[in-house]
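Number of protein chains: 2
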Amino acid sequence: MDLASTRDIAVNIVAEARAGILAHVAAGFSFEKKADRSFVTAADLDAERLIRRRLEEHFPDHGIVGEEFEATAGMGGYTWVIDPIDGTHSFRHGIPLYGTMLALLEDNRPIVSVIDLAGIGRCYAAARGLGSTRNGQPIYLRRLGREERIGDEVIALGERKQFVGCGLEGVFDRLMAGHPHARTYCDCFGHALAAEGSVGAMVDYNIRIWDSAASVLLVEEAGGKAVCLGERLDGADKRYDWVFGKPEVVEWVRVAISE
Amino acid sequence: MDLASTRDIAVNIVAEARAGILAHVAAGFSFEKKADRSFVTAADLDAERLIRRRLEEHFPDHGIVGEEFEATAGMGGYTWVIDPIDGTHSFRHGIPLYGTMLALLEDNRPIVSVIDLAGIGRCYAAARGLGSTRNGQPIYLRRLGREERIGDEVIALGERKQFVGCGLEGVFDRLMAGHPHARTYCDCFGHALAAEGSVGAMVDYNIRIWDSAASVLLVEEAGGKAVCLGERLDGADKRYDWVFGKPEVVEWVRVAISE
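Just so you know, the protein sequences line up as chains A and B, in that order. Numbering of the first sequence is given in this note's numbering, commencing with residue 898 and proceeding in unit increments. Numbering of the second sequence is given in this note's numbering, commencing with residue 898 and proceeding in unit increments.
Do not take every clue at face value.
All copies of an identical chain are treated as equivalent in the list; a pair is satisfied when it fits inside any one copy or across any two copies.
[To be verified] Under the rule of at most 20 Å between Cα atoms (straight-line distance), these lysine to any residue pairs were calculated in the SDA-like manner: (1) Lys1122 x Cys1063; (2) Lys1058 x Gly925; (3) Lys1122 x Arg950; (4) Lys1058 x Ile1047; (5) Lys1135 x Gly1042; (6) Lys1058 x Glu967; (7) Lys1058 x Glu1003; (8) Lys1135 x Ser1155; (9) Lys1058 x Arg1046; (10) Lys1058 x Arg1006; (11) Lys1135 x Pro1077; (12) Lys1058 x Lys1122; (13) Lys1058 x Lys1135; (14) Lys1058 x Arg1071; (15) Lys1122 x Arg1025; (16) Lys1135 x Asp899; (17) Lys1058 x Ala1074; (18) Lys1122 x Gly974; (19) Lys1058 x Asp1070.
If you're looking for bench data, these hints aren't it; they were derived computationally from the structure. Bear in mind that the values here come from a model prediction, so they are computed numbers and not experimental data.
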C-alpha cells in the first residue's frame, strides 16, 4: 500500500464530496428523520453515496463502513470508515463547524485519514508515518513552553448529552467546573483544532468508529497523544470515549476525570 | 445622521482593520499581559489604533470608547464603542472564531453596528430601522415553525468562568444540564450566530458595552429579541448580562434561569 498516494486519493474524493455539500447549502436542503431521531439530509446521503462510489472504483477490495448505509465487507483487512457530515445538528442549523470524516483502517488501526471542514475551508489529512497537514501544510503539536500553563489551554468537549447518553455526565460537569477554558466545540471541528494545537485536548464520549478513527490518526501524526478511555456496546453499535491532543493536557484531563 | 452611509463607512473601516489582523495571523504575533491577566497582542492594538484614526477622520465630533485605549469624549451624544479583537483567547490559540466589534451609540442606544468574523470570512452589519446583513445579504430571524421544537435549537453560552466572575455559575450549570444542545460558543461568534438564527439564543454574562452593543442591534434588526438580565459595576467598569435571539427561545431561557 502506497500511503501517500492513498491519502491524496482520499483528499480528492472528499474534495469532490465537499463541492456537493456546499451546493446543497447554497440551494437550501431538506430533512428526514432517522430512526434515532437525529436528522439526515439529502446532503449527507449524496455525500456518502459519492464517497462510496469513488472508493469502490479506486479500492475494489476494501470494505466500507459508513454512517448512512449498510457496511460492505472487503478483503485483506482494509476498511474505510465514512462520516459524510459529522455535526449534522450544526449543519442543518447553519453553524459552519460541521465536516466530512474519512479514514482507512488496517486491521482496525487507522493508517490514512481526512477531516474536511467545508464550512470554513479547512482540510486536514494524515497518513501513518507521514505526518499531518492542514490545507497541505504540515501541522505539529508542540509541547507546552515554559511560560504556558495548562490552565490557559482551551479544552474542547462534546455536547453534554453525549455524556448523559452513557451515564457519564459527571465527567462533563467536572471538566466544565474544573477548567477555566472548557468549551463545547463538538464534532470534528473540536477534533481538528486538537490536531493543530488550537485546543489543548478534545474530550469526546460515546462516539462511533467513523467519528474517531480519522481524528486519532491526525492527532498522533501531528505529534499528539490519543487515549481511549472506554468502550461499550449500544445495541449493535460500538461506542468509544476518547481524549486526544497535547500530551501534557491529555494527562491533565485523565487525572481530572479520575478524581 | 445618514444611517446607511454611516453603516457603510463602519463596514469599510472594519474591513481595513481585518486586513491588518489577518496579516498579523499570517506573520505570527507577540503577546503582552494586560493588567487583568488577559492577553493583548500587537494585532489588537494596531486594529484599535486604525479604527480610532479612521473614525476621527470621518466623525470628528463623536466620542470613542475602546477596549485597549482611553475613552475620548464627543459632542452631540454620539459615541463609538470598539472591541478590536473580541475573543482574544481564541485568537491567540488559532481558533478562528474571534472577531472585530464596532457600534455607534446615540444616547447609549446602538444605531449602527458591525461584527466581522475575520477568521471565517463573515461580516455582519446593521443600522437602526434598516435591517441586518451578512456579507451584504439581508438576514432574518424567523419564528419557529410548527415542526420545530425549542429543544432542537442550539443555545450558545459564554464561558463558565464569565458566570463564575459574577457569582452566577448556577445559571450556566442549569442551562447546560437543562437543554440538550447548550454549547459554549463564546464571544462574537455566538452573537453573530444568534443574529442569523443558527443558534436559537446567545446567553452571555458579565460582558462590557463594547461586547454587547453591536450584537444587540444586529439581533433586533434581524427581527430578534434582546433582553438585558442584569448589570453591575466591576470597579469602574459596567458589566451586563444578556440573552438575545429568536423571541421564543429567549423567553424559554428567561424562564429556565429563573426556576
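Outcome of the hint check:
| no. | hint | in the structure |
| --- | --- | --- |
| 1 | Lys1122 x Cys1063 | neither (24 Å within a copy, 36 Å between copies) |
| 2 | Lys1058 x Gly925 | neither (28 Å within a copy, 37 Å between copies) |
| 3 | Lys1122 x Arg950 | neither (33 Å within a copy, 47 Å between copies) |
| 4 | Lys1058 x Ile1047 | between (26 Å within a copy, 16 Å between copies) |
| 5 | Lys1135 x Gly1042 | neither (38 Å within a copy, 35 Å between copies) |
| 6 | Lys1058 x Glu967 | neither (26 Å within a copy, 44 Å between copies) |
| 7 | Lys1058 x Glu1003 | neither (32 Å within a copy, 43 Å between copies) |
| 8 | Lys1135 x Ser1155 | neither (23 Å within a copy, 40 Å between copies) |
| 9 | Lys1058 x Arg1046 | between (29 Å within a copy, 17 Å between copies) |
| 10 | Lys1058 x Arg1006 | neither (28 Å within a copy, 38 Å between copies) |
| 11 | Lys1135 x Pro1077 | neither (32 Å within a copy, 22 Å between copies) |
| 12 | Lys1058 x Lys1122 | neither (25 Å within a copy, 27 Å between copies) |
| 13 | Lys1058 x Lys1135 | within (17 Å within a copy, 35 Å between copies) |
| 14 | Lys1058 x Arg1071 | both (15 Å within a copy, 14 Å between copies) |
| 15 | Lys1122 x Arg1025 | within (14 Å within a copy, 50 Å between copies) |
| 16 | Lys1135 x Asp899 | neither (30 Å within a copy, 61 Å between copies) |
| 17 | Lys1058 x Ala1074 | both (17 Å within a copy, 9 Å between copies) |
| 18 | Lys1122 x Gly974 | neither (25 Å within a copy, 56 Å between copies) |
| 19 | Lys1058 x Asp1070 | both (11 Å within a copy, 13 Å between copies) |
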